[in-house]
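**Student:** In the order they appear, the protein sequences are chains A and B. Read in this note's numbering, the first sequence has 336 at position 336, and its numbers run on one by one without any break. Read in this note's numbering, the second sequence has 367 at position 367, and its numbers run on one by one without any break.
Hints may be right or wrong, so weigh each one.
The list treats identical chains as interchangeable, and a pair is accepted whether it falls inside one copy or across any two copies.
Stated by the list, open to error - Below, simulated DSS-like cross-link-like pairs (lysine-lysine); rule was C-alpha separation at most 25 Å, straight line:
| no. | residue 1 | residue 2 |
| --- | --- | --- |
| 1 | K387 | K436 |
| 2 | K13 | K51 |
| 3 | K42 | K352 |
| 4 | K31 | K51 |
| 5 | K35 | K51 |
| 6 | K335 | K51 |
| 7 | K352 | K35 |
| 8 | K356 | K42 |
| 9 | K35 | K387 |
| 10 | K31 | K352 |
Bear in mind the hints are in silico, worked out from the structure with no lab data behind them.
2 protein chains.
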Amino acid sequence: MATMGRPWSMVMKDIRVGLIGFGTVGSGVVKILEKNGSLIEKRLGAPLILKRVADLDLETDRGVHVDSSRFTRHARDVIEDPEISIVIELIGGFEPARSFVLDALRHRKHVVTANKALLAVHGDEIFRVAHQCGVDINFEASVGGGIPIIRSLREGLAANRMLSLFGILNGTSNYILSRMTEQGEEFEHVLRQAQREGFAEADPSMDIEGFDPAHKLAILISLAWGGRVRFEDIPREGISTVSPLDIQFASELGYKIKPLVMARAEESQIEARVHPALIPLDHPLASVDGVYNAVVAVGDAVGSTIYYGQGAGQMPTASAVVSDVIELARKVHHKTRGRLSPYSHQRRYVRKIRIKNIQHVDSCWYLRLSIDDRSHLVGRITGILEKHGIGMTTMIRGGQEGSRVVPLMIMTGTARGRSVGRALEEIDQLSGVLEKTIGIRVEDQFS
Amino acid sequence: MATMGRPWSMVMKDIRVGLIGFGTVGSGVVKILEKNGSLIEKRLGAPLILKRVADLDLETDRGVHVDSSRFTRHARDVIEDPEISIVIELIGGFEPARSFVLDALRHRKHVVTANKALLAVHGDEIFRVAHQCGVDINFEASVGGGIPIIRSLREGLAANRMLSLFGILNGTSNYILSRMTEQGEEFEHVLRQAQREGFAEADPSMDIEGFDPAHKLAILISLAWGGRVRFEDIPREGISTVSPLDIQFASELGYKIKPLVMARAEESQIEARVHPALIPLDHPLASVDGVYNAVVAVGDAVGSTIYYGQGAGQMPTASAVVSDVIELARKVHHKTRGRLSPYSHQRRYVRKIRIKNIQHVDSCWYLRLSIDDRSHLVGRITGILEKHGIGMTTMIRGGQEGSRVVPLMIMTGTARGRSVGRALEEIDQLSGVLEKTIGIRVEDQFS
Chain A
1 MATMGRPWSM
11 VMKDIRVGLI
21 GFGTVGSGVV
31 KILEKNGSLI
41 EKRLGAPLIL
51 KRVADLDLET
61 DRGVHVDSSR
71 FTRHARDVIE
81 DPEISIVIEL
91 IGGFEPARSF
101 VLDALRHRKH
111 VVTANKALLA
121 VHGDEIFRVA
131 HQCGVDINFE
141 ASVGGGIPII
151 RSLREGLAAN
161 RMLSLFGILN
171 GTSNYILSRM
181 TEQGEEFEHV
191 LRQAQREGFA
201 EADPSMDIEG
211 FDPAHKLAIL
221 ISLAWGGRVR
231 FEDIPREGIS
241 TVSPLDIQFA
251 SELGYKIKPL
261 VMARAEESQI
271 EARVHPALIP
281 LDHPLASVDG
291 VYNAVVAVGD
301 AVGSTIYYGQ
311 GAGQMPTASA
321 VVSDVIELAR
331 KVHHKTRGRL
341 SPYSHQRRYV
351 RKIRIKNIQH
361 VDSCWYLRLS
371 IDDRSHLVGR
381 ITGILEKHGI
391 GMTTMIRGGQ
401 EGSRVVPLMI
411 MTGTARGRSV
421 GRALEEIDQL
431 SGVLEKTIGI
441 RVEDQFS
Chain B
1 MATMGRPWSM
11 VMKDIRVGLI
21 GFGTVGSGVV
31 KILEKNGSLI
41 EKRLGAPLIL
51 KRVADLDLET
61 DRGVHVDSSR
71 FTRHARDVIE
81 DPEISIVIEL
91 IGGFEPARSF
101 VLDALRHRKH
111 VVTANKALLA
121 VHGDEIFRVA
131 HQCGVDINFE
141 ASVGGGIPII
151 RSLREGLAAN
161 RMLSLFGILN
171 GTSNYILSRM
181 TEQGEEFEHV
191 LRQAQREGFA
201 EADPSMDIEG
211 FDPAHKLAIL
221 ISLAWGGRVR
231 FEDIPREGIS
241 TVSPLDIQFA
251 SELGYKIKPL
261 VMARAEESQI
271 EARVHPALIP
281 LDHPLASVDG
291 VYNAVVAVGD
301 AVGSTIYYGQ
311 GAGQMPTASA
321 VVSDVIELAR
331 KVHHKTRGRL
341 SPYSHQRRYV
351 RKIRIKNIQH
361 VDSCWYLRLS
371 IDDRSHLVGR
381 ITGILEKHGI
391 GMTTMIRGGQ
401 EGSRVVPLMI
411 MTGTARGRSV
421 GRALEEIDQL
431 SGVLEKTIGI
441 RVEDQFS
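Please model the entire structure based on the sequences and the hints provided.
**Tutor:** Quick look at the structure:
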């Protein structure tokens with residue numbers, strides 16, 4: 001307590017930052033430091049100086065000026081610079097990003113990263129090394145772009161036992177489903193359109209097969225429940241099986257189809273899932289369209305809270321990166337570290353989080369069958385569902401009058417994942433069932 | 001940098017907390033510390049011990065157990081206890097809350113408060129004393145109940161130049177307008193109903209006349225633009241002039257009437273206002289009903305972000321208070337203070353923020369006149385509006401066919417506050433205008 005009496009507005013020294021990865025988000029970071037540098041100095045009490053920028057491509061014009069003397073092709077020029085106290089990693093992917101981050105930590109640099117894949121898969125190793133080296137790693141930009149959801153979970157809701165999380169966290173999937181909803185076009189068509197417009201990658205599998213949102217969910221679960229998550233444990237389905245017909249049926253029943261992530265605390269495990277879901281039209285998540293993301297975080301004291309904003313893009317992501325840098329710069333000034341654990345729980349309390357087997361998860365389902373109209377199958381189908389304990393609430397026969405192949409849409413009551421799987425296996429073996437049946441979960445309990 | 005090499009999971013000592021004010025929120029704080037105590041210990045690394053509770057009423061059963069040895073009727077028993085490092089002030093109002101807070105700071109205690117009135121009016125004095133004494137004051141619960149909006153503005157969006165803020169921050173006003181919208185009842189009737197149900201105070205003037213949301217807006221402006229705000233400078237109108245007729249007209253035109261707060265940065269001043277406003281039905285703020293609050297925060301890098309949750313009530317407010325206590329406990333452990341300025345700008349950069357004169361503010365308006373139908377006034381009214389440079393976009397004549405007194409509703413184009421004021425003064429002097437004309441601003445630019 002001896003040092004508590006003095007006022008704290010001593011003059012701070014420059015804080016020097018290094019950037020590895022000068023792509024879209026990296027250029028955004030440079031733009032913010034340039035444009036808002038004096039404002040950030042007022043907030044922080046010291047200037048943030050971008051000392052070095054490493055990238056393999058030093059030629060492309062990024063629309064921002066960085067003095068060529070600060071450029072380097074070698075990440076180690078950033079990592080080993082003794083004046084740099086904060087390293088920003090924005091190259092993405094597993095390697096060499098993992099090595100650069102570990103190296104920077106071992107050189108006693110605080111690290112800021114937006115790399116969700118890296119943290120979801122190698123987070124445990126990285127957090128351990130940060131701990132051992134007495135430095136911190138911030139990663140607000142890894143989930144929800146510019147939305148301060150990690151800070152909110154780790155600090156703003158720190159008094160709460162978290163009950164559940166729901167989110168729309170993949171811009172590409174959400175953009176594609178939003179466009180399919182507006183235009184009534186097929187998935188493949190809208191995907192190619194999104195690729196042409198730059199809203200989907202040339203290889204879109206990380207997004208549309210749900211890896212990206214599952215990475216983000218793994219990070220949020222770690223924070224919300226203070227433990228390690230094995231990424232492979234998180235059940236994950238992509239959006240490519242959704243058809244315009246499903247969107248239309250869902251809409252008639254008062255739902256929108258959205259790329260959902262969710263997690264809910266049970267007694268000794270976490271129910272977690274990543275998949276397209278039917279969401280009631282009047283729920284706020286149903287209005288989260290295009291490149292916007294949102295997270296519903298439910299705590300035992302605070303109740304339901306929602307966080308909404310742009311989940312990707314140059315400037316929103318750079319906003320989160322630079323805000324993280326500012327926080328670490330405060331730590332550099334105050335010479336503190338470990339104020340917050342990356343798991344939200346202090347390291348000695350961190351345990352492995354058990355993720356519920358998806359086969360044991362109860363949901364209501366939307367089922368779409370493709371049947372031969374002459375086969376008079378409805379009785380047999382409902383019989384199979386009943387045998388597996390699956391009730392029905394709605395059944396709609398689609399298609400033109402007189403057409404041979406017709407879609408049959410069924411909304412079920414609450415049913416266990418395993419029962420639905422077994423029932424669909426039997427149904428798909430019926431001779432009049434012409435295609436693999438599509439099943440999409442309905443989510444209407446946001447608590 | 002000499003201390004940076006050691007891991008940080010040293011065992012922390014108990015952190016002792018004192019509570020002044022054992023009312024609704026105070027009891028909520030005790031409930032959280034009891035129920036989530038071991039979870040908080042895992043997050044913080046040390047137990048939070050509620051050592052003393054001061055209140056004048058030690059008899060009433062609050063539904064939580066506090067050992068009688070910890071009770072006192074004297075705030076000084078909390079403030080002067082050398083073991084207590086964090087004092088929570090939850091008595092509300094100006095005095096004795098102001099004296100207790102200043103006293104606690106002078107005794108080198110960190111302070112947590114939910115007292116918006118106190119901070120909006122005496123914040124400058126309180127922040128100065130905290131600074132001089134080398135301790136911190138946290139006040140997340142003062143705005144938006146459990147929503148972590150203060151943390152988000154001060155830290156999560158720290159990289160941004162803030163462009164604007166929009167919010168619904170008064171639960172009572174929002175509840176009353178929501179009920180008027182649902183039931184079509186008059187203001188006075190719904191207010192009495194809300195008072196019976198505990199959603200409005202016996203003296204509701206702080207809420208319905210806009211003092212409470214203006215206090216909250218003053219705090220948010222201070223944080224967003226890093227300066228002192230003179231509370232009296234914030235233009236403020238209450239909701240009591242809104243009638244069911246206005247709500248119905250607004251709805252026909254695609255709007256909801258909501259108790260809005262807003263602030264927008266201009267060259268050298270901040271446009272700020274607190275008043276009921278017509279908001280487009282499809283904007284997220286239009287769906288914020290009942291006791292829920294929301295804030296739209298727009299930054300130059302992040303774009304538009306939204307924060308939503310319960311804006312009042314025992315447990316949401318206590319969630320924010322305890323989360324603040326946890327943050328201060330981390331500071332006690334790390335022996336840091338002043339990491340963040342209560343103004344978001346470091347003290348030497350804090351300046352007075354100039355609030356724009358409401359007479360110079362441009363808005364579209366909804367006007368409701370009460371006219372004698374036989375007086376054929378429409379031509380004269382539009383003439384007066386035109387003379388003051390006020391265009392019209394819609395005019396609707398209400399009332400029954402053949403009734404003598406009819407409401408006339410006008411939607412204007414963008415017009416300066418002063419011009420509208422002058423025009424209404426002239427219009428209200430016309431002999432066929434039977435009541436004072438009601439004017440409500442339209443808000444449809446959320447950027």
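**Student:** If a hint holds in the structure, say so; if it doesn't, say that too.
**Tutor:** Each hint, compared with the structure:
Proximity of K387 and K436 under a CA criterion of 25 Å is satisfied intra-copy only: 20 Å inside one chain copy versus 71 Å between copies. When the C-alpha separation of K13 and K51 is checked against a cutoff of 25 Å, the pair qualifies only within one copy, where the shortest distance is 14 Å, while the shortest distance between copies is 40 Å. Taking CA atoms no more than 25 Å apart as the test, K42 paired with K352 passes between copies only; the shortest distance there is 15 Å, against 41 Å inside one copy. In this homomeric assembly, K31 and K51 come within 25 Å of each other (Cα to Cα) only inside a single copy, at 14 Å, whereas the closest approach across copies is 49 Å.
In this assembly of identical chains, K35 and K51 lie within 25 Å of each other by CA distance solely inside one copy; the values are 16 Å within and 48 Å between copies. Proximity of K335 to K51 under the C-alpha cut-off of 25 Å is restricted to the intra-copy arrangement: shortest distance 20 Å within a copy versus 30 Å between copies. Taking identical chains as interchangeable, the C-alpha atoms of K352 and K35 lie at most 25 Å apart only when they sit on different chains, with a minimum of 23 Å there against 43 Å within one chain. Taking identical chains as interchangeable, the C-alpha atoms of K356 and K42 lie at most 25 Å apart only when they sit on different chains, with a minimum of 23 Å there against 47 Å within one chain.
Taking the shortest Cα distances, K35 and K387 never come within 25 Å of each other, neither inside one copy (65 Å) nor across copies (44 Å). For the identical chains of this complex, K31 and K352 are neighbours neither inside a copy (40 Å) nor across copies (28 Å), given an alpha-carbon limit of 25 Å.
Of the numbered hints stated above, those contradicted by the structure are hints 9, 10, listed in ascending order.
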